[in-house]
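J.: Listed below, chain by chain, are the residues.
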Amino acid sequence: MDHVDGNVLAGPLGELFRFDLTTTSGECRHCGDIAVLARAMVYLDPSGYVVRCNSCGEMLMAIVTTEKRTWLDLSGVSGLQIPT
Amino acid sequence: MSSWHVGTVVETNSETPTGRSIIFDVPGWTGNLAGQHVDVRLSAPDGYQAVRSYSIASADDSQRVQLAVDKLPDGEVSPYLVDDLQVGDQVEFRGPLGGWFVWRPTDVGPVQLIAGGSGVVPLVAMARAHAAAKSTEEFRMLYSVREPADAFFASELQSLVSPHFALDWIYTRAAPEGAARPAGRITADDLARLAAPATSNPLVFVCGPTGFVETVATQLVELGHDPQRVKTERFGGK
Chain A
1 MDHVDGNVLA GPLGELFRFD LTTTSGECRH CGDIAVLARA MVYLDPSGYV
51 VRCNSCGEML MAIVTTEKRT WLDLSGVSGL QIPT
Chain B
1 MSSWHVGTVV ETNSETPTGR SIIFDVPGWT GNLAGQHVDV RLSAPDGYQA
51 VRSYSIASAD DSQRVQLAVD KLPDGEVSPY LVDDLQVGDQ VEFRGPLGGW
101 FVWRPTDVGP VQLIAGGSGV VPLVAMARAH AAAKSTEEFR MLYSVREPAD
151 AFFASELQSL VSPHFALDWI YTRAAPEGAA RPAGRITADD LARLAAPATS
201 NPLVFVCGPT GFVETVATQL VELGHDPQRV KTERFGGK
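Chain order of the listed sequences is A and B. When we follow the working numbering, the leftmost residue of the first sequence carries the number 1, and every step to the right adds one. When we follow the working numbering, the leftmost residue of the second sequence carries the number 1, and every step to the right adds one.
The following block holds chain A by itself, in its conformation from the complex (with noise of 0.2 angstroms):
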């Protein structure tokens, strides 16, 4: 399966921020890039979303929901810039 956008995470994120996080800027750890999440790579998977930096190709969060819990792994964003 291809790619898509990290346009496609506004759902699933909607269900755990206030606030649309795909339109916010996030820092990759690994490169330093700087983009909207709504560009990024999203994998799609049977158990939730990876999600990698546009930019180097690492992942930047993955989102895996089980029947009991949803995982959010955020490790590979340093920062997120929040619009006031």
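Derived by calculation from the structure, the hints in this document are not laboratory data. There could be a bad hint or two in this list.
Claimed, not checked - The following label-pair restraints were derived from C-beta to C-beta distances:
#	chain 1	residue 1	chain 2	residue 2	range
1	A	R69	B	R181	50 to 56 angstroms
2	A	V64	B	A180	27 to 33 angstroms
3	A	S47	B	R104	33 to 39 angstroms
4	A	L80	B	P176	46 to 52 angstroms
5	B	P148	A	R69	46 to 52 angstroms
6	B	Y80	A	D45	20 to 26 angstroms
7	B	R181	A	D33	35 to 41 angstroms
8	B	P182	A	E67	49 to 55 angstroms
9	B	P176	A	R29	49 to 55 angstroms
What the hints assert, rightly or not - Residues from chain B that keep clear of chain A, each with C-beta distances beyond 10 angstroms, as calculated:
#	residue
10	G19
11	D25
12	W29
13	G31
14	D39
15	K71
16	D84
17	G88
18	D89
19	E138
20	T187
21	D190
22	T210
23	G224
24	R234
Positions of the beta carbon are idealized from the N, C-alpha and C atoms, including for glycine.
Based on these hints, arrange chain B on the given structure of chain A.
T.: Below, chain B alone, put in the same frame as chain A:
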């Protein structure tokens, strides 16, 4: 911030040999921006659920939501939406979603829309919003389809053509009789010839299968377009 709604099918229209548009009545829906999408959730009697994202073709304040869906041969959800869903049936919606791949009638400056196949859906919403707002911002659409019968909303798009809305076609497999351009995949030359020039600094929306979007976005940047002004929405597949 997003919540689930129940939509009831009120109308379906065949659009292409493998795709159709569906209008839902969604109580509690307060409208959406052009370019936004919804997550559609189907539930089987055994509790199994499948969720897929679909762009919204409509862009107004009503509680009517129009989607247009192309059937993926090995799809889990799209064959049901295209072949089985009937007037009166219900599905669940989460949305409207996404604040990035959108065009607002208050936006200023030229816009280039580039669609591959059913990727035209969110761009149709933008063209409709542009017409409804009587916006005089320059809009251009470049729509790539395999052959004329594969175009979604073809007659409506043609009817929107005006001094402020230009429409050009790319046929990849079979061009209509008398077409100046032979059938073939979109090239940098097509973009140079038919798309708004980089010098006019247009906002560009590209939507289609991943391969199509990759090709077009790369070519646009090579033609001098600012990558920050090129917004993409890939829907996977080939």
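J.: Hints first: check each against the structure and report whether it holds.
T.: Against the structure, the hints come out as follows:
1. Between R69 of chain A and R181 of chain B, the C-beta spacing of about 54 angstroms keeps the proposed range 50 to 56 angstroms intact.
2. For the pair V64 of chain A and A180 of chain B, the beta carbons lie near 51 angstroms from each other, so the given range of 27 to 33 angstroms is not met.
3. Under the hint 33 to 39 angstroms, the C-beta atoms of S47 of chain A and R104 of chain B, about 35 angstroms apart, fit the expected range.
4. In this structure the supplied range 46 to 52 angstroms holds for L80 of chain A paired with P176 of chain B, their Cβ-Cβ distance being about 49 angstroms.
5. Range check, P148 of chain B to R69 of chain A: Cβ separation about 50 angstroms, and the 46 to 52 angstroms hint holds.
6. Remark: the range hint 20 to 26 angstroms for Y80 of chain B to D45 of chain A is upheld by a beta-carbon distance near 21 angstroms.
7. Range check, R181 of chain B to D33 of chain A: about 38 angstroms between beta-carbon atoms, so the 35 to 41 angstroms window is met.
8. Restraint check, P182 of chain B to E67 of chain A: a C-beta distance of roughly 54 angstroms satisfies the suggested window 49 to 55 angstroms.
9. At about 51 angstroms, the beta-carbon gap between P176 of chain B and R29 of chain A stays in the expected band of 49 to 55 angstroms.
10. Residue-level check passed: G19 of chain B sits 19 angstroms from the nearest beta carbon of chain A, beyond 10 angstroms.
11. The Cβ of D25 of chain B lies farther than 10 angstroms from every Cβ of chain A, with a closest approach of about 21 angstroms, so its non-interface assignment holds.
12. In this structure W29 of chain B is separated from chain A by more than 10 angstroms, as the shortest Cβ-Cβ distance comes to about 15 angstroms.
13. Listed as a non-interface residue, G31 of chain B keeps its Cβ farther than 10 angstroms from every Cβ of chain A; the least gap is roughly 16 angstroms.
14. With 10 angstroms as the threshold on Cβ separation, the claim that D39 of chain B sits away from chain A is violated: the shortest Cβ distance comes to roughly 4 angstroms.
15. In this structure K71 of chain B is separated from chain A by more than 10 angstroms, as the shortest Cβ-Cβ distance comes to about 17 angstroms.
16. Distance check on D84 of chain B: its Cβ is at least 22 angstroms (rounded) from any Cβ of chain A, clearing the 10 angstroms threshold; non-interface status holds.
17. Non-interface status of G88 of chain B relative to chain A is upheld: no Cβ of that chain comes within 10 angstroms, the nearest being about 26 angstroms off.
18. Every beta carbon of chain A lies more than 10 angstroms from that of D89 of chain B, the smallest distance being close to 21 angstroms; the non-interface claim holds.
19. Non-interface call for E138 of chain B relative to chain A: holds, since the shortest CB-CB distance, roughly 24 angstroms, exceeds 10 angstroms.
20. Consistency note on T187 of chain B: stated as away from chain A, and its beta-carbon is indeed over 10 angstroms from all of that chain's, at 21 angstroms minimum.
21. For D190 of chain B, the condition that its CB be more than 10 angstroms from all CB atoms of chain A holds, with the nearest at approximately 22 angstroms.
22. Listed as outside the interface, T210 of chain B is inconsistent with that label: its C-beta sits roughly 4 angstroms from the nearest C-beta of chain A, within the 10 angstroms cut-off.
23. For G224 of chain B, the shortest C-beta to C-beta distance to chain A comes to about 19 angstroms, beyond the 10 angstroms cut-off, and the non-interface label holds.
24. Taking the minimum C-beta to C-beta distance to chain A, about 5 angstroms, the non-interface status of R234 of chain B is violated against the 10 angstroms cut.
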